[in-house]
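Visitor: Here is how the chains run, residue by residue.
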Amino acid sequence: MEKIIEVNNLVKEFNGFRAVDNISFSVAKGEVFGFLGPNGAGKSTTIRMLTTLIRPTSGQAKVAGYDIATQAAKVREQIGLVAEKIILYDRLTALENLMFFGSLYHLPRKETKERAINWLKTLEMEKWANKLTGTFSTGMKQRVNIARALLTKPEVMFLDEPTLGLDPQTSRSIRDFIKELHAQGVSVILTTHIMPEADELSDTIAIIDRGKIIALDTPTNLKARIQKEKPTLEDVFLELTGHDMREETHENIPSARGRHFLGSKSRIR
Amino acid sequence: MKIIFQIISDSIRMARKDLLDFSRDRMQLVFFIIMPIFMMIMTGFIFPTENSLKNIPLGIANQDTGQLSQTLTQVLTDLKTSDNNQVFEIKTYADSNAIKDAIKAQKINGGLYIASDFSQMIQRGQPAEVSIIPDQSNPQISQILTQLLQQVIAGTSTNVAQAKVGEIIKLTAIANPQLSQADPAAIIQPIQSTIDNLIPGKPNYFQFVAPGIMALIVMMSVMTGLAVSVTREREAGTLDGLLIAPVSRLAIILGKAFSQTVRGLVQGMVVLLLAILIFGVHVYGNWLIMIVLMILGVFAFMGIGILVSAVASAQESAMTIMMTFQFPMMFLSGTFFPIQQMPQVMQYISKAIPLTYEASALRKVIVLGAGFNAVWTETLILFVFGAIMLAIAVPTFRRVITR
Chain A
1 MEKIIEVNNL VKEFNGFRAV DNISFSVAKG EVFGFLGPNG AGKSTTIRML TTLIRPTSGQ
61 AKVAGYDIAT QAAKVREQIG LVAEKIILYD RLTALENLMF FGSLYHLPRK ETKERAINWL
121 KTLEMEKWAN KLTGTFSTGM KQRVNIARAL LTKPEVMFLD EPTLGLDPQT SRSIRDFIKE
181 LHAQGVSVIL TTHIMPEADE LSDTIAIIDR GKIIALDTPT NLKARIQKEK PTLEDVFLEL
241 TGHDMREETH ENIPSARGRH FLGSKSRIR
Chain B
1 MKIIFQIISD SIRMARKDLL DFSRDRMQLV FFIIMPIFMM IMTGFIFPTE NSLKNIPLGI
61 ANQDTGQLSQ TLTQVLTDLK TSDNNQVFEI KTYADSNAIK DAIKAQKING GLYIASDFSQ
121 MIQRGQPAEV SIIPDQSNPQ ISQILTQLLQ QVIAGTSTNV AQAKVGEIIK LTAIANPQLS
181 QADPAAIIQP IQSTIDNLIP GKPNYFQFVA PGIMALIVMM SVMTGLAVSV TREREAGTLD
241 GLLIAPVSRL AIILGKAFSQ TVRGLVQGMV VLLLAILIFG VHVYGNWLIM IVLMILGVFA
301 FMGIGILVSA VASAQESAMT IMMTFQFPMM FLSGTFFPIQ QMPQVMQYIS KAIPLTYEAS
361 ALRKVIVLGA GFNAVWTETL ILFVFGAIML AIAVPTFRRV ITR
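Chains A and B, in that order, are what the protein sequence lines are.
The first sequence begins at 1 in this note's numbering and counts up by one.
The second sequence begins at 1 in this note's numbering and counts up by one.
Don't read these hints as lab results, they were simulated from the structure.
Among the hints, a few may not be true.
[To be verified] The list that follows gives simulated cross-link-like pairs (lysine-lysine, DSSO-like), each with its CA atoms no further than 30 Å apart:
1) B:K2 / A:K62
2) A:K85 / A:K62
3) A:K74 / B:K80
4) B:K80 / A:K110
5) A:K3 / A:K131
6) A:K74 / A:K62
7) B:K80 / B:K100
8) A:K113 / B:K164
9) A:K110 / A:K74
10) B:K2 / A:K153
Could you build the full structure based on these sequences and the hints that come with them?
Guide: Structure below.
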């Protein structure tokens, strides 16, 4: 099978702390790859490396055939990112946001606009196109945010907790949307803490803990490992990562220090 | 070539987005205008000038009974400001100790003691002494007060001298008729000075302060604005959206720099317009040179802004770092106080601050109508400083932003 992402011995250290410890895996083209792990396990760090937002300490990775370190600009043309924080400007309208981010990919203006309006229609956000995104609810923002990531028709979509903080209706529509992307052949890297969501959507699941990948298989195979009546993915996850809550601090990680210290990292699930 | 064009067009897109975003922030927009107004008003009005002082409580202890000391106190009582207010509010005390006590109680801002032998000494042709007692807790007022009193005393002194010299001339003219035409005033002060101004009118403090505030505001909006803008995007997460797009890091930082340049220039212009319309400042120099100087100022401070935005992870820390830099710059750059009045050490420090050159160049052009040939040293210093800072800042930004 054709590989869309290949990761070899990837390491990321922050001031001597190994956030990602020598991981290797590959993602087949067109699959939904569930990337799970407790808080601070190294998920976000891995995704930030694969999206060229941070540089690996050592090891290589290829995304859509391009090296993340040496061909970062090429990688960027092929990827879309929905991160934990919504990437939209509050004081720009939904359409202005899409037009601005589209323009960074150097698409013709007319085509960007067509695509933007199409996405807003698909996501039922059309009548809000000319309203400031700052006035939107989290669910509305997340829909525009997804439209932004998809505007450039990326080959690989990185979805970092896309349903975080959304109501069941919006979460449902976003999950349907991921399935739709899957059907269209877009490769999706999905991180989530919601186990049924990962189970429902993923073709392959990787579980990362303390910077290392501790399991990598299909959801069915993973569940088959558990000696239990009707095992769930949550059982697998807790079996592998233990029941202890994670209380390590991440003061060495700039992203944790700067971005997340009041955000999702400090929540206990 | 194509890459350069791409970078520039990308950065213009970024700048347009920033300005659009900024123009919709009403709160910021209001303060954008109000801040320069405040600054002008504060610096323009709170500093004491001889005109702004009136009804200063002055204590006089006159132990002399003669005519001359009466004249002196009368002159002080009648002294008027240019807008016809009493300068002094005279209070009478018994002796110098009473005056000192009154100063300690802050009832008066200074005092004048005239000894009992004042008139007698003058009559005898001996030096007569009066003592000025300043309020040292208030250096600004006491300096002005001392100057005023010295002027009045010198004036009275000259009057006495003229009368005496006039008598001497009369006496000697009997023996030497040539002298009968002599002017007593010219004998006492043979050299008279006149002031030949470069620009008409009296010097105006606003005229001095306005160019400095323009320079200061351009600097603050570029340095703080840039750093805050980048850290705000970092906190909001939108910076990631820019970083994963196939645009050069250089275009991102240039875009920020462009939008801040526009903001800085607009704000500088707001200061200038306020200065002209409200505070009666007149631009004597060439507008084009002035605008070029402001753009140069932006260029000079941009590097520091980029450097801080690369290092600071949050808006608050960016602000704190900036305040640490800007506060000393504000006071040592000669924006509010002339550098020549500072102690030598401070003058050296002020020479190391780029804002000093920006303020001085703008002042030369605006107040004195200087041409480019008068400000080229400042121009060169600002350009070199800006280039060095950018050479350090841009690679640092590119490295740090994706650690």
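Visitor: Which of the numbered hints are not met once you compare them with the structure shown?
Guide: Violated hints: 3, 4, 5, 8; rest satisfied.
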